[in-house]
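Student: Listed below, chain by chain, are the residues.
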Amino acid sequence: MKHNLSLLLALVGGIGIGISGISPAWLHNTSLPMIVLSALIIQVGIGVGAMHDLGTMLRSINLKMFLLPACTIVGTLLFTALAFLIFSNHHLSDIMAIGSGFGYYSLSSVLIAQMKTITVGATEATQLATIALLANIARELLSLFGCRYIAHKGGGLAAISTAGISSMDVCLPSILNATGDKRVIPVAVFHGLMLEMSIPMLIALFCA
Amino acid sequence: MFKILFLLLLGVGIGYVLRNIRGIHRVDQTAHYTILLLLFVFGVTIGSNHDLIKNIAYFGWQALVIAVLGMLGSFGAGCLFNHYITKKEEEQR
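Chains C and B are the protein sequences, given in the same order. Whatever position you read off the first sequence (first residue = 1), add 30 for the working numbering. Whatever position you read off the second sequence (first residue = 1), add 1068 for the working numbering.
The set of hints was computed from the structure by calculation and includes no laboratory data.
Over the 10 angstroms line for every Cβ pair with chain C, so calculated as not near, a few chain B residues:
(1) K1155
(2) E1158
(3) E1159
(4) Q1160
(5) R1161
Simulated restraints on C-beta separations:
(6) C:G43 x B:L1132: 16 to 24 angstroms
(7) B:H1100 x C:M227: 14 to 22 angstroms
(8) C:G51 x B:K1156: 54 to 62 angstroms
(9) B:Q1160 x C:H58: 53 to 61 angstroms
(10) B:K1071 x C:V42: 23 to 31 angstroms
(11) B:W1129 x C:M231: 26 to 34 angstroms
(12) C:H121 x B:E1158: 40 to 48 angstroms
(13) B:F1074 x C:F175: 33 to 41 angstroms
(14) B:R1090 x C:G43: 27 to 35 angstroms
(15) B:A1125 x C:G85: 48 to 56 angstroms
(16) B:N1123 x C:R89: 47 to 55 angstroms
These numbers were taken from a predicted model, which means no experiment stands behind them. No residue lacks a Cβ here, since even glycine has one placed at the ideal position from N, Cα and C.
Chain C on its own, in the form it takes in the complex:
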């Protein structure tokens, strides 16, 4: 909760400073988000590479585990596409790009902002990136608050799938608690990692 609160504060603080107009010019540098994002991705990589049980986890990967992230991707994209029926003012590909964040709001919104700025200009790109940010924040928060209920209703695998990217961090303790099955840990971490790798590819595909 403290973790989520600090994220919310950083975002709200940024918005507040943006509205007040007191932000220095360098904060508006368009290449700044990509520099920070690059630093983040290297750190995520270092975290995975330095895992002591990396070898064990890699050896325990089997075909079944490869299928769960694929199910999450197909399920999410199929249902996200339904939003096109309600919000037909957006392109279907844009809605699918927003859904492709799987709860990883910082990465997905920055990627959408970067990729769409080139094709449709900064204003529309920022709008889509904002919807992506809000949609993926909502997915993480709803998963976090609902994962006990979801695990109870549909089982551990359904809870991992619904949590999206958060299955490997924020929601993992709650899923573990609700199912009482330690075998969900490698599945949840692998699921999160696979989704994390697929996000840039899917967003690039839908934003092309």
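Following the hints, position chain B against chain C.
Tutor: Showing chain B alone in chain C's frame:
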């Protein structure tokens, strides 16, 4: 896209080489601060876009619908997968 994949693999390589160095696992904490910085910078971009701020309720509604639909879809897919795995395990017994 390839830049991100390259950076990720570069990070994994660095992490693997430095895995025995004390304090390397604090990278999880620094990643959190980096996300904070990223969100802050993104927040400044949103805040300085006054049109966007005026329409935040409109965007929020769209975002919520997309999020809930995505969750429903993956919940359904996860349940089907769970059903399939359980059936396979029962068949093997």
